[in-house]
Structures are given as C-alpha cells and as structure tokens.
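Counting in full-length UniProt numbering, the sequence shown runs from 1 upward without gaps.
Check before you lean on any hint, since a few could be wrong.
[As the list claims (entries may be wrong)] Calculated cross-link-like contacts (lysine-lysine; reagent style BS3-like; alpha-carbon spacing at most 30 Å):
| hint | residue 1 | residue 2 |
| --- | --- | --- |
| 1 | Lys-321 | Lys-267 |
| 2 | Lys-321 | Lys-296 |
| 3 | Lys-296 | Lys-267 |
[Stated by the list, open to error] Simulated restraints, written as ranges between beta carbons of each label pair:
| hint | residue 1 | residue 2 | range |
| --- | --- | --- | --- |
| 4 | Pro-322 | Glu-281 | 28 to 38 Å |
| 5 | His-276 | Ala-235 | 22 to 32 Å |
| 6 | His-276 | Glu-233 | 21 to 31 Å |
| 7 | Ala-130 | Ala-266 | 35 to 45 Å |
| 8 | Asp-87 | Val-249 | 40 to 50 Å |
| 9 | Asn-215 | Pro-156 | 47 to 57 Å |
I should point out that these hints are in silico values taken from the structure, not numbers from a laboratory. Since the model is a prediction, treat every value here as computed from it, not as a measurement. Glycine included, C-beta positions come from ideal geometry on N, C-alpha and C.
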Amino acid sequence: MNPSRPSTANATTATTTAPEAQQTQEDREAQQTSPTSVSVLGLGLMGQALAAALVGAGHATTVWNRSPDKAADLVTQGATLAATARDATVASDVVIVCVTEYDAVRALAEPLADALRGRLLVNLTSGSSAQAREFAAWAAEHGVDYLDGAIMAIPPVVGTPHAFILYAGERSAYEAAEPALRALAPAGTTHLGADHGLSSLYDVALLGLMWGALNSFLHGAALLGTAGVPATEFAPFANQWLGSVTGFVSAYAAQIDAGAYPAEDAKIETHLATMHHLLHESEASGVDTALPRFVKALTDQAIAAGHGESSYAAMIEQFRKPTATPEPGA
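Work the whole structure out from these sequences, hints included.
Here you go:
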C-alpha cells in the first residue's frame with residue numbers, strides 16, 4: 001500500500017465521519033441557542049419577573065396564576081395566558097413553579113403528576129434542603145425530571161447580568177433547560193450538583209453571610225453615629241474593608257477543607273483581645289451589645305476547646321456543634 005495515499009476504506013470513513021461530526025456540533029450549538037417553550041406557574045412579583053425575562057429572550061412562554069389579572073402585562077409583552085394550571089403545564093417542555101412555599105408547590109404539582117410526566121419541572125420556591133429532596137423523590141416516582149433552584153436576586157434584577165440563580169438536580173435535566181434558564185440570569189446561572197438539596201443549602205448559607213455582614217455594618221453605623229458620623233461617611237470604609245475580608249474567606253476555606261488552622265495571620269486569642277475593645281466601646285456608647293457579645297462568646301468557647309493558638313478559621317468547629325438545648329426549667 002502506498003503510504004502517501006489513504007486506502008479507499010479510510011477515505012470513505014473520512015468523508016462520512018467529518019460531516020457527521022460537523023452536524024453534531026451544529027446540533028449542539030442550535031440546542032444551546034434555540035428557543036425553549038416554558039410555562040410559569042405563579043405570578044407574584046418574582047414569577048412575573050421570570051416570565052418577562054423569558055418572553056424578552058424569545059422563549060414561547062405560557063403563564064398561569066390563580067388571579068389571572070396579574071398576567072395582563074405579560075400577555076401584552078407576548079406571553080400566553082392559560083386558563084388552568086393543567087393547560088399551562090401541557091403547553092411547554094419546561095414548567096417553572098414560583099409560589100410562596102413548598103406546601104403550595106406540592107398542592108399545585110401533585111394533581112398534575114400525569115401532565116408533568118416526561119417534562120422538566122423547575123421549582124424556584126424557597127424551602128429547606130429536606131423539602132427539596134423529598135419533592136425530588138416524588139418527582140422521580142412520577143417520571144418527572146426535576147430541578148430545584150434558588151434565586152439570589154430581587155425581581156427587578158432577574159434577566160440582567162446581575163442576577164444569580166443556583167440549580168440542583170441531574171446534570172442532563174439542567175443542560176436540557178439551560179437556554180431558558182440563562183434567560184433568567186444571563187451571567188449567573190450555575191448548576192451545583194445532582195443533590196437536589198444543594199440549592200436550598202447554598203441559599204441559606206449565602207443569606208446568612210449577607211445578614212451577618214449587614215448586621216455588622218448596621219452595628220458599626222450605630223456605634224459611629226454616637227460620635228455624629230453619618231452612615232454615608234462610614235459606608236465607603238465598610239465597603240473597602242469588606243473587600244479586604246474576602247481575602248480571608250479564600251484562605252480560610254482552604255484551611256477548613258484541610259482540617260488544619262495554622263495562625264498565618266493572627267491567633268484567635270489575638271482576635272479576642274480586640275473583641276474586648278468592641279464590646280467596651282458598645283457598652284460605653286450606649287448601643288446594643290448583643291452582636292459583639294455573641295461573637296465574643298463563640299470565641300471564648302473556641303479558646304476553651306483548645307483553639308486559642310489557631311487561626312480564626314478554627315471557629316468553624318464551634319459552628320459545627322449543635323446548639324445546646326436548655327434543660328426544662330433552666
């Protein structure tokens with residue numbers, strides 16, 4: 001065989017395989033950009049924002065709400081109003097539910113089990129990780145593909161680059177709906193993993209982070225306010241300081257995963273000494289001391305547990321312990 005020329009068999013393979021590979025790539029690109037039919041059940045402020053983003057992105061969008069008047073603006077924009085939840089369900093490949101609580105989700109979905117079979121149900125209702133996993137089990141029993149999601153955004157932000165929405169469930173289900181899901185959060189759509197409870201856990205973990213930071217800012221503003229410092233003057237310093245704190249987050253995360261807490265910046269004992277200053281200033285200034293007392297109490301416990309020489313990351317060992325339940329009559 002002349003090595004300079006391919007065999008007929010190889011030539012045939014080359015001429016048939018390349019177009020197939022090209023077609024597969026074209027199909028993949030088309031799937032990522034082609035409109036998806038989506039139904040949105042529940043038209044509170046968030047549900048309306050979700051539906052509006054889908055319509056705006058060119059997806060065939062059907063909406064339903066117990067009070068149909070809430071759909072008026074969406075219909076004007078191009079959405080289709082379904083007369084019943086069942087009609088909305090059968091109209092689309094992807095069904096998004098956004099209502100007040102998980103009990104409302106189940107009350108809505110369970111009578112529609114037959115209509116949901118073979119479709120993808122995306123639940124964007126807040127709840128617990130246990131509720132998400134229980135509902136995922138129900139969906140699996142009824143042949144319903146299921147994603148549980150957490151919206152880390154307010155309604156006006158949905159559909160903008162600032163929106164941030166997290167999803168949990170089978171990767172294949174996420175990929176099937178990804179074109180529509182990205183319409184809701186173009187730059188912030190994330191698949192967390194197959195465990196349906198992850199979205200709820202991330203939701204509360206991030207909200208806890210937000211509340212912790214905001215409460216600390218508000219306490220600081222109250223403290224500085226006793227000296228006549230406006231909150232607007234404090235805010236730039238707070239933002240700059242929070243930016244510095246994010247460096248600790250990444251460093252401490254690595255220590256937490258390694259299970260070792262070398263005091264490369266400062267020991268917990270050093271932090272405690274400064275906490276005394278915060279508590280004293282709060283008391284002397286007449287502002288609420290609950291927050292600094294709580295932080296100091298956790299730090300005292302960490303030192304008592306033998307972590308005084310460790311980095312502040314060792315405080316996680318205190319958070320990993322369940323809160324002690326007071327004895328009756330205590």
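ask   = Does the Cβ-Cβ separation between His-276 and Glu-233 fall within 21 to 31 Å?
value = With a Cβ separation near 26 Å, His-276 and Glu-233 satisfy 21 to 31 Å, so the hint holds.
ask   = Do the beta carbons of Asn-215 and Pro-156 sit within 47 to 57 Å of each other?
value = violated (24 Å)
request  = With 35 to 45 Å as the target window, see if Ala-130 and Ala-266 comply at their CB atoms.
outcome  = Because 38 Å falls inside the window, the suggested range holds.
Cβ separation of His-276 and Ala-235, checked against the hinted range 22 to 32 Å = holds (26 Å)
inquiry  = So if I understand the rule, the pair passes when the alpha-carbon distance is 30 Å or less; does Lys-321 with Lys-296 pass?
reply    = holds (17 Å)
30 Å Cα cutoff - pair Lys-321, Lys-267 = holds (21 Å)
query = At the C-beta level, are Asp-87 and Val-249 separated by a distance inside 40 to 50 Å?
reply = Given about 47 Å between the Cβ atoms, the range holds.
query = Quick one, are Lys-296 and Lys-267 close enough, alpha carbons at most 30 Å?
reply = holds (14 Å)
task = Given the range 28 to 38 Å, decide if the beta-carbon distance of Pro-322 to Glu-281 lies inside it.
result = Holds, at about 32 Å.
Of the numbered hints listed earlier, the single one contradicted by the structure is hint 9.
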